[in-house]
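J.: Chains as they are written, first to last, in my numbering: chain C, 1 to 469; chain V, 1 to 452.
Heads up, a few of these hints could be off.
Unchecked claim - Just so you have them, the derived chain C footprint on chain V, three or more residues with Cβ under 8 Å:
no.: 1; segment: 81-92
no.: 2; segment: 228-234
no.: 3; segment: 423-432
As the list claims (entries may be wrong) - So the derived list for chain C, only partly shown, Cβ under 8 Å to chain V, looks like this:
no.: 4; residue: PHE218
no.: 5; residue: SER220
no.: 6; residue: SER221
no.: 7; residue: ALA227
no.: 8; residue: ASP235
no.: 9; residue: HIS238
no.: 10; residue: MET241
no.: 11; residue: VAL279
no.: 12; residue: ASP282
no.: 13; residue: LEU285
no.: 14; residue: VAL408
Hints are computed from structural coordinates only; laboratory data are not their basis.
Beta carbons are placed, not taken as given, at the ideal position from N, Cα and C, and that holds for glycine.
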Amino acid sequence: MKKLVTGLLLMVAYAFAAESSTVAIRNAKIVTVSGPVIAKGTVVVRNGLITAVGETVEIPADAFVVDGEGLTVYPGLIDAMSTLGFGGASTGGAAAAGGAGRGGRGGGAVTATPAAPAAAASTATRSMGPEDRPQTTSWEMAVDEISAADGRIPTVRASGVTTAVTFPTRGIFGGQGAIIDLITGEKAGEMIVTPAVGQYISIGRGGGFGGGGGGGGFPSSLMGYIAYVKQIYLDAEHYKMAKEAYEKDPHSMERPPYDRALEGVLASKRILLPANRAVEIDRVLRVAAELKQPTILYGGRETYRADAVDLLKKSGTPLLVSLRWPELPRGEIDPDNEPSMRSLEAIEKAPSAPGVLKKAGVRFALYSDGLEQPRDLQRAVKKAIDAGLSREDAIRAMTLSPAEIYGVSDRLGSIEKGKIGNLVVTRGEIFDDRTQVVWVIVDGRHYKPAETAAPAGRGAATEEPGGNQ
Amino acid sequence: MRRLLLAALVALAPLGAETIVIQNATIMTVSKGTIKNGSVVVKDGKIVEVGEKVMIPEGATKIDAQGQYLIPGIIDCHSHIAGDGGINEGSISVSSMVNIKDIINPEDIAIYRALAGGVTTANILHGSANSIGGQTIVLKMRWGKDAQQMIFEGAKPGIKFALGENPKRAGNPQGRGANGQAPVARYPATRMGVEDTIRTAFNEAKIYKATWDEYNAKVAHGEHPLAPRKDLQLEALKEVLEGNRYVHVHCYRADEILMMIRVADEMGFKVRTFQHVLEGYKVAKEIAEHGAGGSTFSDWWSYKVEAFDAIPYNAALMAKAGVVVSLNSDDAELMRHLNSEAGKTMKYGGMTEDQALAMVTLNPAKQLGIDNRVGSIEVGKDADLVIYDKFPLSDYAKVQKVLIDGTVYFDRDKEVSAQAAKDAEKQKLLDKLKQQNQTTPAGGRRGGRGGE
Numbered sequence: 001m002k003k004l005v006t007g008l009l010l011m012v013a014y015a016f017a018a019e020s021s022t023v024a025i026r027n028a029k030i031v032t033v034s035g036p037v038i039a040k041g042t043v044v045v046r047n048g049l050i051t052a053v054g055e056t057v058e059i060p061a062d063a064f065v066v067d068g069e070g071l072t073v074y075p076g077l078i079d080a081m082s083t084l085g086f087g088g089a090s091t092g093g094a095a096a097a098g099g100a101g102r103g104g105r106g107g108g109a110v111t112a113t114p115a116a117p118a119a120a121a122s123t124a125t126r127s128m129g130p131e132d133r134p135q136t137t138s139w140e141m142a143v144d145e146i147s148a149a150d151g152r153i154p155t156v157r158a159s160g161v162t163t164a165v166t167f168p169t170r171g172i173f174g175g176q177g178a179i180i181d182l183i184t185g186e187k188a189g190e191m192i193v194t195p196a197v198g199q200y201i202s203i204g205r206g207g208g209f210g211g212g213g214g215g216g217g218f219p220s221s222l223m224g225y226i227a228y229v230k231q232i233y234l235d236a237e238h239y240k241m242a243k244e245a246y247e248k249d250p251h252s253m254e255r256p257p258y259d260r261a262l263e264g265v266l267a268s269k270r271i272l273l274p275a276n277r278a279v280e281i282d283r284v285l286r287v288a289a290e291l292k293q294p295t296i297l298y299g300g301r302e303t304y305r306a307d308a309v310d311l312l313k314k315s316g317t318p319l320l321v322s323l324r325w326p327e328l329p330r331g332e333i334d335p336d337n338e339p340s341m342r343s344l345e346a347i348e349k350a351p352s353a354p355g356v357l358k359k360a361g362v363r364f365a366l367y368s369d370g371l372e373q374p375r376d377l378q379r380a381v382k383k384a385i386d387a388g389l390s391r392e393d394a395i396r397a398m399t400l401s402p403a404e405i406y407g408v409s410d411r412l413g414s415i416e417k418g419k420i421g422n423l424v425v426t427r428g429e430i431f432d433d434r435t436q437v438v439w440v441i442v443d444g445r446h447y448k449p450a451e452t453a454a455p456a457g458r459g460a461a462t463e464e465p466g467g468n469q
Numbered sequence: 001m002r003r004l005l006l007a008a009l010v011a012l013a014p015l016g017a018e019t020i021v022i023q024n025a026t027i028m029t030v031s032k033g034t035i036k037n038g039s040v041v042v043k044d045g046k047i048v049e050v051g052e053k054v055m056i057p058e059g060a061t062k063i064d065a066q067g068q069y070l071i072p073g074i075i076d077c078h079s080h081i082a083g084d085g086g087i088n089e090g091s092i093s094v095s096s097m098v099n100i101k102d103i104i105n106p107e108d109i110a111i112y113r114a115l116a117g118g119v120t121t122a123n124i125l126h127g128s129a130n131s132i133g134g135q136t137i138v139l140k141m142r143w144g145k146d147a148q149q150m151i152f153e154g155a156k157p158g159i160k161f162a163l164g165e166n167p168k169r170a171g172n173p174q175g176r177g178a179n180g181q182a183p184v185a186r187y188p189a190t191r192m193g194v195e196d197t198i199r200t201a202f203n204e205a206k207i208y209k210a211t212w213d214e215y216n217a218k219v220a221h222g223e224h225p226l227a228p229r230k231d232l233q234l235e236a237l238k239e240v241l242e243g244n245r246y247v248h249v250h251c252y253r254a255d256e257i258l259m260m261i262r263v264a265d266e267m268g269f270k271v272r273t274f275q276h277v278l279e280g281y282k283v284a285k286e287i288a289e290h291g292a293g294g295s296t297f298s299d300w301w302s303y304k305v306e307a308f309d310a311i312p313y314n315a316a317l318m319a320k321a322g323v324v325v326s327l328n329s330d331d332a333e334l335m336r337h338l339n340s341e342a343g344k345t346m347k348y349g350g351m352t353e354d355q356a357l358a359m360v361t362l363n364p365a366k367q368l369g370i371d372n373r374v375g376s377i378e379v380g381k382d383a384d385l386v387i388y389d390k391f392p393l394s395d396y397a398k399v400q401k402v403l404i405d406g407t408v409y410f411d412r413d414k415e416v417s418a419q420a421a422k423d424a425e426k427q428k429l430l431d432k433l434k435q436q437n438q439t440t441p442a443g444g445r446r447g448g449r450g451g452e
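When you get a sec, could you build the whole thing from the sequences and use the hints?
T.: In structure tokens, the structure reads:
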């Protein structure tokens, strides 16, 4: 029996080996992130894993060899929050999601999907309170929805992003995200690194519900969203108690009715909550403390402010910083509708937030927030570097830091023996204007970056920042 | 060395701990008459001495209010400022699960503007879209502090109810709802339905309370039953039944005011204040007997059918019948000149200066249960004080300085002198950003479609 299992395992191993090639990059500068930079060395990736890295490494005979003279190797970049794999309008289902409906700055230019508010599907039965579980699909798993055929994958990969943490972003409780490797595969299952990383929660006023009882359901205001999220966690706690009591003695009580919304919440090991302004960070951290859930915040627009950074530091909550920096509207400014000093300050200072967070010792990572074109992503990161984040820290914020925040730094985020074979090979320093991404290696498969842009997808994973004013 | 240490300590001490003497002012204490030429000593955020002659503590900061007036900070019993993301959860007829406390926005500029109008405390209410609205909170206008520091510590929280046109309006489908679909009607569509909604909600809350009481009793006896489900919606109403949450009722017509009193008596709770209460003068005796306060407008009327019977004598008539009456703003603009609103009651109804001023200071403090802390200039109370250049019940009076807890939060001189520099700073930043826009290509904003 044992022999048979071993045999099967070997067969599986061989099958995998046959599919993935061995790649070796030699004579390259290697930025390992976890350790010192190797000025001239070799990385070998075999069977999807990094098998060797160092100054003198033997190159396997069957390897696809890249001469790294003048090239630099980095760990594959991780987009800490995205909707990749939810392939735009065509996939339907969860893809008709929040990001698109909420649209955003620039007159909806960021979205390709029609602005179909998330509420569309659920207005047939108007929610009359938390018991109706409005805008909730907490049981949904990104792994079940991801399509390997998302046309955005080659585009995003071209900027050196090998890995994305991707979420179903519809409604208030969108569902559980997954970490995926951006291979071009036949089966979505091959892409999955970690199937369930946490519950995506939105407490903005998205979703397309009108306020004031104008025909929308509950909730229709920010305080309604917050009350709903609180009630869900109270219910989940009670549900868990009731289920346990029933299991202990099924004769003693009526069985508690199955509630998939609460099952989804209970199955989530962490939650992701949005907060952009300092006021929101304060507010959301209080909500998170009440929910007693391990939390990651996303947004972070005003984290250039000392008070916001202090709050994060004190709470120890990690933050995903959106790379969609605020911008002054193009064209003439309406004198009657001039931006406030606070919003001007945000435009000026938002890109300095990562540098400020780093100095303060707050755990953070950067995420694309819908920036899919390599050029846009590169520029956005460069802006943060120009505003005070060191290049090393910028790289870390898109490699090892997100891996740590999601608890997968044992397999992702740096160039180390045994980690997943995700690498970016560039000519020039990564995130510079003229730098060229030469190779992207994902799970040991090597890709030449696509020359042309792919169709746009669903746009931002998060709402218009600061949209609550 | 020791002196150096002391000096360092003094330098480090927050502004609030400063000892201040306001001198030579006409002090309108509200509760104890007016002192023609007096001083107030403020220490550790409290009023420690009031009188014509006071002991001036060593090192006290002196504010000369020669020819000026000093009144207690204005209290607005009905405001909707300082909130984020909407103040109406109007989707349902009983939204008692939502809480203004969760959405305080301490950076709302309306706070500073209210402060500049002499307001130091405000009751931030949920809107009037539904029969039973959300939970409410009392804030001090401590501009610059965070959300938690704004909260009036120890003030009992409230809940908003609403009667009449607003809560029943959403029952009738009109216009287009979200997504262009016809909105679904929300019960109730009549005043009868509003009454029914409140009664039904309290019947449920009573059952909920009984369930918890029973559970708690069992636990007290050492049993381990399964705890009931905690329901945020009914929890707030349970607090009302237990007397731990004030009820503020938006209302207009006399008949519905009487209805509300009957329902409250039947269900066993008290209405703390009737808000707007424009026909209060018709049922003032009943309101006084119930023990409720009346928080009304000075002379705002006829903006809707149920406001047709409003008269500017309402505040004075209710007061004469024994109701504790306040004048509120319900509006970020009106909030900035509540002093002159109070003055109108002298013309309409013959209120004295003290009675008029009390309607925006001591009376709202009583209505909110915070009169032990604020509302008048008395030793031991919070040093929430406003200096006006002229008689404060006049339209011509301008706020000069506002203190909360003994700290100056608004200073007209500083505000005016800093304005030009602030404007210049903003223009400079705006120009810089415009310049950047012109020199950099449109990048990130195009997102998915990006590229050059």
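J.: How about the segment 423-432 of chain V: do at least three of its residues have a C-beta closer than 8 Å to a C-beta of chain C?
T.: Satisfied; 5 residues make the cut.
J.: For the segment 81-92 of chain V, does the count of residues with a C-beta closer than 8 Å to a C-beta of chain C reach 3?
T.: That given contact holds, which follows from 10 residues of the segment 81-92 of chain V lying within Cβ reach (below 8 Å) of chain C.
J.: Checking hints one by one. Is MET241/C an interface residue toward chain V, by the C-beta closer than 8 Å rule?
T.: holds (6 Å)
J.: Interface hint check: VAL408/C, Cβ to nearest Cβ on chain V, cutoff 8 Å. Holds or violated?
T.: Constraint on VAL408/C not satisfied, violated at 27 Å.
J.: Tell me if the interface restraint on SER220/C is satisfied: Cβ within less than 8 Å of some Cβ in chain V.
T.: For SER220/C, the interface hint holds, since the closest Cβ of chain V sits about 4 Å away, which is under 8 Å.
J.: So, as I understand it, the hint says ALA227/C touches chain V; can you test that by seeing if any CB pair is closer than 8 Å?
T.: The hint holds - ALA227/C has a Cβ within 8 Å of chain V, the shortest such distance being about 4 Å.
J.: Verify this for me: three or more residues of the segment 228-234 of chain V with a beta carbon less than 8 Å from a beta carbon of chain C.
T.: It holds: at least three residues are needed, and the segment 228-234 of chain V offers 5 whose Cβ sits within less than 8 Å of chain C.
J.: Using Cβ atoms only, decide whether LEU285/C comes closer than 8 Å to chain V, and label the hint accordingly.
T.: violated (11 Å)
J.: Quick check on the hint: PHE218/C CB to chain V CB, less than 8 Å?
T.: holds (4 Å)
J.: Does SER221/C hold up as a contact with chain V if the rule is Cβ-Cβ below 8 Å?
T.: holds (4 Å)
J.: Double-check VAL279/C for me: the hint is only fine if its C-beta lies closer than 8 Å to a C-beta in chain V.
T.: holds (6 Å)
J.: Holds or violated: is the Cβ of ASP235/C closer than 8 Å to a Cβ in chain V?
T.: It holds, given that the least Cβ distance between ASP235/C and chain V is near 7 Å, below 8 Å.
In the structure shown, a violation is registered for the earlier hints numbered 13 and 14, in ascending order.
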